[in-house]
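**Q** The lines below spell out each chain.
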Amino acid sequence: MSTNLRNILLFTIMGALLVAVGVIQSANVALAILNLCLISAIMTLGVNIQWGYAGLFNAGVMGFAALGGLAAVLVSFPPVPEAWAVGGSRAMLGAVTGALSIVLAILAFKMIPGGRRLRGWAAAAVALSGVVLMRFILDPAVEAIEAVEPARTGFLGGLGLPIVFSWIAGGAFAALAAWGIGKIALGLRSDYLAIATLGISEIIVYFLKNEDWLARGVKNVNGLPRPVPYEIELQKTLWVQELAAKLDFNVIELSSIIVKLSYAGLFIVVLAIVFWLSERALKSPWGRMMRAIRDNEIAASAMGKDVTWRHLQVFVLGSAVIGLAGAMLTTLDGIFTPASYQPLRFTFLIWVMVIVGGSGNNLGSILGGFAIWFFWIEAEPIGLAVIELLTSGMGEDHALRLHLIENAAHTRLATMGVVLLMVLRFSPRGLIPERGK
Amino acid sequence: MTDILNALVLLANFVLVPGLTYGSQLALGALGVTMIYAVLRFSNFGHGETMSFGAMITILTTWWLQEKGITFGVLPTALLALPVGIIATVVMCLLFDRVVYRYYRREKANPVTYLIVSVGILFILSGLVRFIIGPQDRVFADGERFIMKARAFKQMTGLDQGLAIKTTQGVTVVTAIVIVALIFWFLNRTRTGKSMRAYSDNEDLALLSGINPAKVVAITWVITGALAAIAGTLYGLDKGYKPFTYLGLVLPIFASAIVGGVGNPLGAIAGGFVVAFSELLLTFAYKRVIAYLTPGDWIPEGLVQLLSTDYKLAVSFVILVIVLLVKPTGIFSGKTL
Amino acid sequence: MSFLQGGGLYGGYGGADILHGCSIGVDKGEVAVVVGPNGAGKSTAMRALFGLLDLREGSVVLDEKDISRLPPQERVTLGMSFVPQNANVFTSMTVEENLEMGAFVRQDDFRPTMDQVFSLFPVLGQKRSQPAGELSGGQRQQVAVGRALMTQPSVLMLDEPTAGVSPIVMDELFDRVIEIAKTGIAILMVEQNARQALEIADRGFVLVQGQNRYTDTGQALLADPEVRRSFLGG
Ligand SMILES: Nc1ncnc2c1ncn2[C@@H]1O[C@H](COP(=O)(O)OP(=O)(O)O)[C@@H](O)[C@H]1O
Ligand SMILES: [Mg+2]
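Chains as they are written, first to last, in our numbering: chain A, 9 to 445; chain B, 852 to 1188; chain C, 3 to 236.
Treat the hints loosely; a few may be bogus.
Claimed, not checked - In silico DSSO-like cross-links for lysine-lysine, where the CA-CA straight-line distance does not exceed 27 Å: (1) Lys227/A with Lys191/A; (2) Lys1093/B with Lys227/A; (3) Lys67/C with Lys30/C; (4) Lys1178/B with Lys118/A; (5) Lys1090/B with Lys217/A.
Hints are computed from structural coordinates only; laboratory data are not their basis.
This is chain A alone, in the form it adopts within the complex:
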């Protein structure tokens, strides 16, 4: 009961903080923060499934989030017929060749008789010749595709479906990648797993940044269709104008609030579903076994549990949730920017959320996602206010004062570090600790 009260209190404080921003800054700012809080919470739930349930350190969050973003582009952007005409089939053939050569390389490794070393070299040879063949097929197609109106498209485009479908596709993309990564990397020691997943996700992001034919690379894909109405449209409707008049509100601002609220509604539904499923999984025999494995891997495998297989399951599930959140993020932004998937923002910050919230506790993850995102954004105005207060004794254009004010935004990085270290030291189980431990 008292823990319940405590949790309610914590979430109430969080809500009050958001409301305070709504009052002090503006409702628009508060809602913008809320929407990203919701997405962060989902991403955090995904990492929590891996780390909290199973103790797997996945430092590749950014890669899975980027795959989710890619899904948003490939599902929702209308196809570019000219690009398909000049190189579509050839590009597909190239992609199939690439996939086939990987499959063949794996088969070679598994089937060819002989020692590990020999099979390794054989697989490498197969893979390498496959890559050469793929480049031979793909390169001309890529050149042709990228030449199609490079300022606007220069890529194949997507399927032109409603963008909400991409949320599922994003989960599927990430799950598929996680399956492959998990297959090869999950046997590694915990810190090596972290380094390997970070490395692989960097490769994924590099790929997305450079393969322009796929999603325009660093030229970004913008103008993705929305699952909610546009502000301009809303402003023209009668009910919005009437509502604005009744509330004595600016129409433009009101329309933007309505858009953000619609997003928030969608995101809350997804968060609720993911949370419910995560809780079900955690409390099921499967979840109990996961935690048993986490707490004592040796004992669990001695009892005949297939630890590797369980780890693969949990890794795939958690990554799927991250991919889902990644697709939602790109949907909200309306733009896919591969260069934005930086480890600091997309891997380490999410980790801070999980740990501050409470590893192993889903409610904690949600709270962590909210609280950390909130302070990630609000640390800037708060830091600025603090610095202005501290330097108010100095002259208006004192060089030090100006310098500090100019760089105030960076205090948020340091703040995150301090928060993380404080929680690890003084409350290592987080704001809402794991139950039954």
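Use these hints to put chains B and C with the ligands onto chain A, whose structure you have.
**A** The following block gives chains B and C with the ligands in isolation, referenced to the frame of chain A:
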């Protein structure tokens, strides 16, 4: 004959010289990571930011020196400022050890906890650095720009291809050689160095031999801090200082340390050069080299490049992943200094 | 009261106690041997004497001084030396470096001591620049003992020094142990090869479940039919 020479000079100019420079920078960085791993037994994600911090202090000192009208002749003034950067970084490392890491040592925390703690320090340092010097690019190399200019080389040798060596490249390689020699002398010839190796080899037995763990840990941070400041400064001198690039350096540095066998200093150095040369050799366009080496006027049609230069950094990630998957102990397998 | 005496020791590794009041002691120039079944707490008792374990109760006295609260490094400076059961050499370091590390706490010239070790174990002199990890099991044990001797200790504690070596090497090692004891050093040794060890023991302790079951001279224990039946295999 001149064709062969031209081809060699071409390779030297675009692969050998940059490879030696970048390799030296990576080797120094990897040496720091490996030291921490061998003695404190965790992967320090904060090492890149530690390098950045050292470079920043050096830059601030360089500016101060330049303001006072003090320069270092043909060499970069930053070399004069480097000791200040080293001392500040060492102090910073010792401070973080005292207030943060020591607690986890006493708790006998597992490596992942340390790793997460080092991420916390990464955040703090990256915030601190940007707060103090700002996020902008800083070029702070002064003095003579080139040891050898491409044009001078052409005139000197009469070849078509030029070989350019920047002062910063020369300084980087020479400094790296001196530092590495010093480190190996320290580890293999001095009592304190040997006690560090002993501690890294077998902590319990070191304790039984009367080796003081607190002292070993402190010396490790001193060396790591110094290495980080030097590596960070050399990298900044050579490529220009941008705070955000140092986080990106962490993975190539890990790759270098792991390729060589993390915990093994010799491996860290070898790994640095393996990574640097792989990046360059895989993304170098061999077109002109082949044109020189084949008889007649034939020139290959494409660039004859294995990978586009866009993927240069990705090469180190691929190496990292392959080594982790195929032979996680690295070339010179070992966990000890 | 012996030169080194642990009395009424209680303690363990954080969980339940492993030691339940055992008492072990040895005098200078003596060989004392601790035997007992696997898991009896012999190694734990040695660690407790050396301060590698937090004692819940009991005391350790060296040369009439209570050292129960001293950290291991300071016990090294007081003249105690310990060869643990496992991982008792620096594998990546050469034989000579191992010995040098043994002498780490010494400020004076340790060369003569190193020469003594080399004359005690001639094979180590031949292999002085080889990494200890490349040596055979018996040679490693010699390095381990040699390292422990480098501080010129007054008490040498050995935990199963003959584990995994051939019977010939074992006899050889026991001879060296007697030789060392004759120089006036107190030797406290845990042994699996109970019969052979008790043969050379001035004192023997039979430890069971962290308690002394029998305590007597080595010869007396060998003669005791109870001890023979239960612990020496008839
Ligand atoms: N590091 C340790 N942590 C926890 N328990 C231990 C540890 N080392 C030994 N034990 C336990 O203490 C008991 C005594 O072990 P030990 O002293 O090694 O026995 P012996 O040396 O007589 O064979 C055993 O039950 C063993 O499982
Ligand atoms: Mg034992």
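**Q** Taking the hints in turn, state whether each one holds.
**A** So, going through the hints one by one against the coordinates:
1. Lys227/A with Lys191/A: Since the Cα atoms of Lys227/A and Lys191/A sit roughly 33 Å apart, the hinted pair is violated (cutoff 27 Å).
2. Lys1093/B with Lys227/A: holds (23 Å)
3. Lys67/C with Lys30/C: holds (15 Å)
4. Lys1178/B with Lys118/A: holds (19 Å)
5. Lys1090/B with Lys217/A: holds (22 Å)
In summary, the structure is inconsistent with hint 1 from the numbered list given earlier, while agreeing with all the others.
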